[in-house]
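**Q** Sequence lines, in order, name chains A and B.
Each position in the first sequence, counted from 1, maps to that position plus 498 in the numbering used here.
Each position in the second sequence, counted from 1, maps to that position plus 762 in the numbering used here.
Treat the hints as calculated values from the structure; they're not laboratory data.
Quick caveat: nothing in here was measured; it's all calculated off a predicted structure.
Treat each hint with caution, since some may be false.
A partial selection of chain B residues facing chain A, derived with a Cβ cut-off under 7 Å [said to hold, decoys possible]:
hint	residue
1	Gln799
2	Leu803
3	Ala824
4	Val827
5	Ser828
6	Val831
7	Cys835
From the three backbone atoms N, C-alpha and C, an ideal C-beta is built for every residue, glycine too.
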Amino acid sequence: MDGERQATNTATWTQLLKELSKYGVGLAETESKSGFYLRRAVGPTILHFALPSNFDPKNPDAAGLPGPFVIYSIQRNLDLKIEGWYAVL
Amino acid sequence: MTDKAMSYNQAMSKGADMNESCQLRAIIAPMGADRLQAQVLELDIAVSGANVDELIAEIQHAIIVSYDVAMECKEAPFALISEAPASVKDKWTPGTQSESKGFHLPDNVAMALATALRKRKPIKTIEFERAA
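Next up, chain A with everything else stripped away, as it sits in the complex:
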């Protein structure tokens, strides 16, 4: 990642989280402990994307690969368009 252009639209969760952090995206857990989610504040609004049920912040890649559908959906839900990286449908 790190600015290089991706030839494919696959990435590990670790790579994805590192890239998203550049856009102010953080990890959070619901107060009810129902799960983790990606969180981006846009003004007073909190945009979010729910992470897999087996997501572990200490070992993100154990959740398996996110896949293109997830990567596209993250960008749409968090209102991001990562230039030179993944197409946004």
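Given chain A, work out where chain B should sit, using these hints.
**A** Same frame as chain A, but now just chain B:
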């Protein structure tokens, strides 16, 4: 006209789905040799998993987490989640190799989702179609 009849007419005029067989739809596509990914059409929720049952569990999980996040932010559940984009929705061909599965959410989440999607009844099934 009675109040009940007026409410019915008002709901219909606002586009409420009066069909009682409420369900979600999702497009499935392979991801590598041994995993699947799914994109829900009515909400922009995408998940991956080893099989269809895992996809269903992950979609249910994502919906519950989204509900909880909205509750914590004191916002209407699912208000900030759009539908899937048209480029994905266009892949859906009704009746083509689709598979219907049971879908379970806690009652409060199911009712909030039905309200957000303008359905009269909580969603009990999800229909999958494999992308061409």
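**Q** Under the criterion of a CB-CB separation shorter than 7 Å, is Val831 of chain B in contact with chain A as hinted?
**A** Nearest chain A Cβ about 5 Å off; hint holds.
**Q** Would the hint on Ser828 of chain B be counted as holding, given a Cβ-Cβ threshold of 7 Å to chain A?
**A** Holds - the Cβ of Ser828 of chain B comes within 7 Å of chain A, reaching about 6 Å at its closest.
**Q** Taking 7 Å as the limit, does the beta-carbon of Cys835 of chain B come near enough to a beta-carbon in chain A?
**A** holds (5 Å)
**Q** With a cut-off of 7 Å, does the beta carbon of Ala824 of chain B approach a beta carbon of chain A closely enough for the hint to hold?
**A** Holds - the Cβ of Ala824 of chain B comes within 7 Å of chain A, reaching about 4 Å at its closest.
**Q** Holds or violated: is there a CB of chain A closer than 7 Å to the CB of Val827 of chain B?
**A** holds (4 Å)
**Q** The hint names Leu803 of chain B as touching chain A; please verify it with the least Cβ-Cβ distance against 7 Å.
**A** violated (12 Å)
**Q** Holds or violated: is the Cβ of Gln799 of chain B closer than 7 Å to a Cβ in chain A?
**A** Since chain A brings a Cβ to about 4 Å from Gln799 of chain B, closer than 7 Å, the hint holds.
Checked against the numbered hints given earlier, this structure breaks only hint 2.
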